[in-house]
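Turn these sequences into a full structure, and let the hints guide you.
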Amino acid sequence: MPAELKTVGKAELRKDAWDKVTGRAAYVDDLPREGVLVGAVVRSPHHHARIVAIETAAARNVPGVVAVLTAADVPGSKTFGPLVQDQPALAFDVVRHMGEPVALVIAQSKEAARHGVAAVQVTYEPLPAVHDPVAALEPDAPRVHSGGNLLTRYEISEGDVATGLAAADVVIEATFTVPRISPAYMEPESSMARWNDDGTLTVWVSSQKPFEDRHAIAGVLGLPEDAVQVCSAVIGGAFGGKEDSGLPVLAALGAWATRGTVRLINNRHESFLAHPKRHPARLHYTLGATREGELIALKAVVHLDTGAYASYGPAVGGLLTEMLAGAYRIPHVQVETNVVYTHSPFSGAMRGFGSPQAHFAIESMMDMLAHELSLDPLELRRKNALRPGDRLLTRVTLDRTAESLPLILDHLAAARARLAQKPPAPGRVAGVGIALGMQSMGLGYRVPDDSTNRLALAPDGSVLLYIGSPDLGQGLATAAEQIAAEALGLPYDAVRTVDVDTSVSPNGGVTCASRMTYLIGNSVMLAAQGLIAALLDYAARTLNVPRDALRYEAGAVITAAGERVALGEFASRAADEGVPLVAEATFSFPYPEETTPKHLPIGMPHVMLVFGGQAVRVEVDPELGTVTVTDVVAVHDVGQVVNRAGVEGQIEGAVAMGIGYALYESMRLKADGQWVDSFTEYLLPTAEDMPQIESVILEIPEASGPYGVKGVGEMGLVPTAPAIANAVFQATGVRAQAIPIAPEVIARPLGG
Amino acid sequence: MKPITVTLTVNGQTRTITTLPNKTLLYALREDLGLTGVKDACGGEGECGACTVILDGEAVNACLVLIGQADGRSVETIEGLAQDGELHPLQCAFVETGAVQCGFCTPGAILAAKALLDRDPSPTDDAIREALSGNLCRCTGYSKMIAAVRRAAEEMSHAR
Ligand code: FES
Ligand code: FES
Numbered sequence: 000m001p002a003e004l005k006t007v008g009k010a011e012l013r014k015d016a017w018d019k020v021t022g023r024a025a026y027v028d029d030l031p032r033e034g035v036l037v038g039a040v041v042r043s044p045h046h047h048a049r050i051v052a053i054e055t056a057a058a059r060n061v062p063g064v065v066a067v068l069t070a071a072d073v074p075g076s077k078t079f080g081p082l083v084q085d086q087p088a089l090a091f092d093v094v095r096h097m098g099e100p101v102a103l104v105i106a107q108s109k110e111a112a113r114h115g116v117a118a119v120q121v122t123y124e125p126l127p128a129v130h131d132p133v134a135a136l137e138p139d140a141p142r143v144h145s146g147g148n149l150l151t152r153y154e155i156s157e158g159d160v161a162t163g164l165a166a167a168d169v170v171i172e173a174t175f176t177v178p179r180i181s182p183a184y185m186e187p188e189s190s191m192a193r194w195n196d197d198g199t200l201t202v203w204v205s206s207q208k209p210f211e212d213r214h215a216i217a218g219v220l221g222l223p224e225d226a227v228q229v230c231s232a233v234i235g236g237a238f239g240g241k242e243d244s245g246l247p248v249l250a251a252l253g254a255w256a257t258r259g260t261v262r263l264i265n266n267r268h269e270s271f272l273a274h275p276k277r278h279p280a281r282l283h284y285t286l287g288a289t290r291e292g293e294l295i296a297l298k299a300v301v302h303l304d305t306g307a308y309a310s311y312g313p314a315v316g317g318l319l320t321e322m323l324a325g326a327y328r329i330p331h332v333q334v335e336t337n338v339v340y341t342h343s344p345f346s347g348a349m350r351g352f353g354s355p356q357a358h359f360a361i362e363s364m365m366d367m368l369a370h371e372l373s374l375d376p377l378e379l380r381r382k383n384a385l386r387p388g389d390r391l392l393t394r395v396t397l398d399r400t401a402e403s404l405p406l407i408l409d410h411l412a413a414a415r416a417r418l419a420q421k422p423p424a425p426g427r428v429a430g431v432g433i434a435l436g437m438q439s440m441g442l443g444y445r446v447p448d449d450s451t452n453r454l455a456l457a458p459d460g461s462v463l464l465y466i467g468s469p470d471l472g473q474g475l476a477t478a479a480e481q482i483a484a485e486a487l488g489l490p491y492d493a494v495r496t497v498d499v500d501t502s503v504s505p506n507g508g509v510t511c512a513s514r515m516t517y518l519i520g521n522s523v524m525l526a527a528q529g530l531i532a533a534l535l536d537y538a539a540r541t542l543n544v545p546r547d548a549l550r551y552e553a554g555a556v557i558t559a560a561g562e563r564v565a566l567g568e569f570a571s572r573a574a575d576e577g578v579p580l581v582a583e584a585t586f587s588f589p590y591p592e593e594t595t596p597k598h599l600p601i602g603m604p605h606v607m608l609v610f611g612g613q614a615v616r617v618e619v620d621p622e623l624g625t626v627t628v629t630d631v632v633a634v635h636d637v638g639q640v641v642n643r644a645g646v647e648g649q650i651e652g653a654v655a656m657g658i659g660y661a662l663y664e665s666m667r668l669k670a671d672g673q674w675v676d677s678f679t680e681y682l683l684p685t686a687e688d689m690p691q692i693e694s695v696i697l698e699i700p701e702a703s704g705p706y707g708v709k710g711v712g713e714m715g716l717v718p719t720a721p722a723i724a725n726a727v728f729q730a731t732g733v734r735a736q737a738i739p740i741a742p743e744v745i746a747r748p749l750g751g
Numbered sequence: 000m001k002p003i004t005v006t007l008t009v010n011g012q013t014r015t016i017t018t019l020p021n022k023t024l025l026y027a028l029r030e031d032l033g034l035t036g037v038k039d040a041c042g043g044e045g046e047c048g049a050c051t052v053i054l055d056g057e058a059v060n061a062c063l064v065l066i067g068q069a070d071g072r073s074v075e076t077i078e079g080l081a082q083d084g085e086l087h088p089l090q091c092a093f094v095e096t097g098a099v100q101c102g103f104c105t106p107g108a109i110l111a112a113k114a115l116l117d118r119d120p121s122p123t124d125d126a127i128r129e130a131l132s133g134n135l136c137r138c139t140g141y142s143k144m145i146a147a148v149r150r151a152a153e154e155m156s157h158a159r
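In order, the protein sequences belong to chains A and B.
Count the first sequence with numbering that gives the first Met the number 0 and you get residues 0 to 751, in order.
Count the second sequence with numbering that gives the first Met the number 0 and you get residues 0 to 159, in order.
Source of the hints: derived by calculation from the structure; they are not laboratory data.
Note that this is a predicted model, so its numbers are computed, not measured.
Cβ atoms here follow ideal geometry from the backbone N, Cα and C, with glycine treated the same way.
Where hints are given, some of them may not hold.
Claimed, not checked - Covered stretches of chain B, as calculated for chain A (at least 3 residues, CB under 8 angstroms): (1) 8-18; (2) 44-55; (3) 70-83; (4) 131-140; (5) 145-151.
What follows is the structure in structure tokens.
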């Protein structure tokens, strides 16, 4: 199959890149400024407090201030939220985390807005706060919500863990701690909303889910959904963090209240405090195995800090639970995952969605077990790796995708041998570590998981792709265009994506879950068939011949006589006649009977998985305890590659994020009671921190994927942090059970 | 606060603006001159490099320059990089190597790289990494950005 492909798999250049290298690309803050009011948010300085009074009169009198809005001004639902409607548009009665929006100031200039914010007087009565997910479950812990602090608990038991652990020759036990991570996309959250004369709203967003934003806005404003139009501007990165309607809702509220146009841009501090983070977690694992290294039993208790509001917390907890045992067959498993409210900025969706946390634990455990048994960590993994037909703890049966695991391990073995040859720099010690990774695709069984997309023939014979889900910067539009071009037999340049606009675009679904190229690709292939059918119908009518006398081939209609009539001729004619040549198609994520469990131990098991593994070489300065990652070999099965530079870009960017997770990043509460909330203290990897990254891309086709495509968006991050911790252990003998790995953890035991 | 009047050369053209003295070059470019290719990713705290412009030949964070400090000086922004409708080799190389994803860091990174190539036409990889080290990118992992700068340097050395 791949040999016949003309566009899929070719090194096509992203079309949006030209605007991005010239500064023309318009993100929300670049949209015209003329007549646009500025919004600014009054935020809670407390982790937890009762709101006694909000005094806005002084702020209203500030020259240039147009309106000051509080929860009392919200005309519709006071709260919103994707899974649990617990998130106030503007806080009322209490604030539950620092940075929570309390009032919204609308002004004619930034200066006036700033003065307005300063002039709003909020009287708080501070209340005790809890920031630790284990402490938050104590009976006398301060309550975040009246229903208690446990948002969700998942309990799964497969086999018999007690018997399994009793039968094991060796049992190891450890607790792992992983930090709160900011998605830290470079473009902070931003939104602009305009009240239209006809009583409707137009809202520009930097969001992964314009259709759900529309729903949230309509709910909070008490408007019908069709009175709200949401348009996607160019998006400066998202990584899951832009699955939150907070800013679009507030911008829309401002526009509604002032009957004007309002722009609202978070600064970096606000982005840290008031937008979703990766869940910090504590994971306690007990793993039993035979002397030969066969895994028998795993018991795990996990506490996830979901912060003050639910966001996607319940779903993250679910997926973490599914990924808990990693890519291994373990007959006896018992899991308890607690998703717990605290008075911290809320956690939500972020690239990997629970899998990176789980993998840090299980992949560290595998190396600890190997050490305990004096086995090679790689051979231990080979012995226990999942195989096709194995049943996961979710009772999902693995399909052929697990065939990639032995291949991945072969590549890792070769990479490890090669990297181990490199001598360390003077004064340094070196080590090579490996880790495997597993990531699901799609939203999970029984969760609506559809994507609708549309192809339309333009009068000039080119094809417009009305994509129903925004491109976040990862290159989704390019992949979709390549697939559309392939399906229509057209050159890549003949297909152009139209940005998402809820008033014209079909609903493609939220851009998330490593599923978009797969999902949109399938939907676009179906739409291509529809478009060809519509074209042939029209051509038959126009040429006055029977429909089955015609066929379509690579941009032309072929008549019975073998004559080729270019698509463009019909396109311009149909346009003149006002006949639309359009096709729309919906693809729904498949849940095959053979792999989907009949009885569900967990709400929404994922049945499609992707696998990968990474070998990492580090050098450690034993005196300072500093770790430098010098090399990463990233082996990932992505199915058919649509665009190699795009796939590599996903892997390289994810590896960078994994390095940050392992070594630098943590949004922690400081001794002074303030959060780390700026790039001064929250360190992201820079160009100087990055190793050589070699991507080994396996293309084992997925039968249900468009041209064999799987997914790659999240996977590249999953093995990186544990592989680094394992490499540090190889180099130093120090096992880091908490990330980011603190230099003093390494330096001290080494006597530096 | 009284507005001040500042005259500076922007992409070869003399521009005069009257604005408040506490305004940074970043926001003067974005708001007063409409040059929105220069970005703010850290809240104007000098930590992200998204606001990089070339000031008298040197890459600087425009968020750390008060507009008054730019008086009489010469600024290059991403909008001025193309010459006579032809893109700078760095711009082409960024597109062609796949160094652009979301693009929010791209103008700043290209300008940081241009300042490097202007003074060192054939930089080592380490020099490229160092020149880009102030430009945060969350999407690409930098590999392709570094490759793009290398490629542009080669391209320009052939053209010379
Ligand atoms: S805006 Fe971040 S360095 Fe200037
Ligand atoms: S391309 Fe998105 S931040 Fe660099």
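Against the structure, the hints:
1. 8-18: violated (count 0)
2. 44-55: Answer holds; 4 residues pass the 8 angstroms Cβ test.
3. 70-83: holds (count 5)
4. 131-140: Since three or more residues must qualify, the claim that chain A covers the stretch 131-140 of chain B holds, with 10 doing so at under 8 angstroms.
5. 145-151: violated (count 1)
Checked against the numbered hints given earlier, this structure breaks hints 1, 5; the rest are met.
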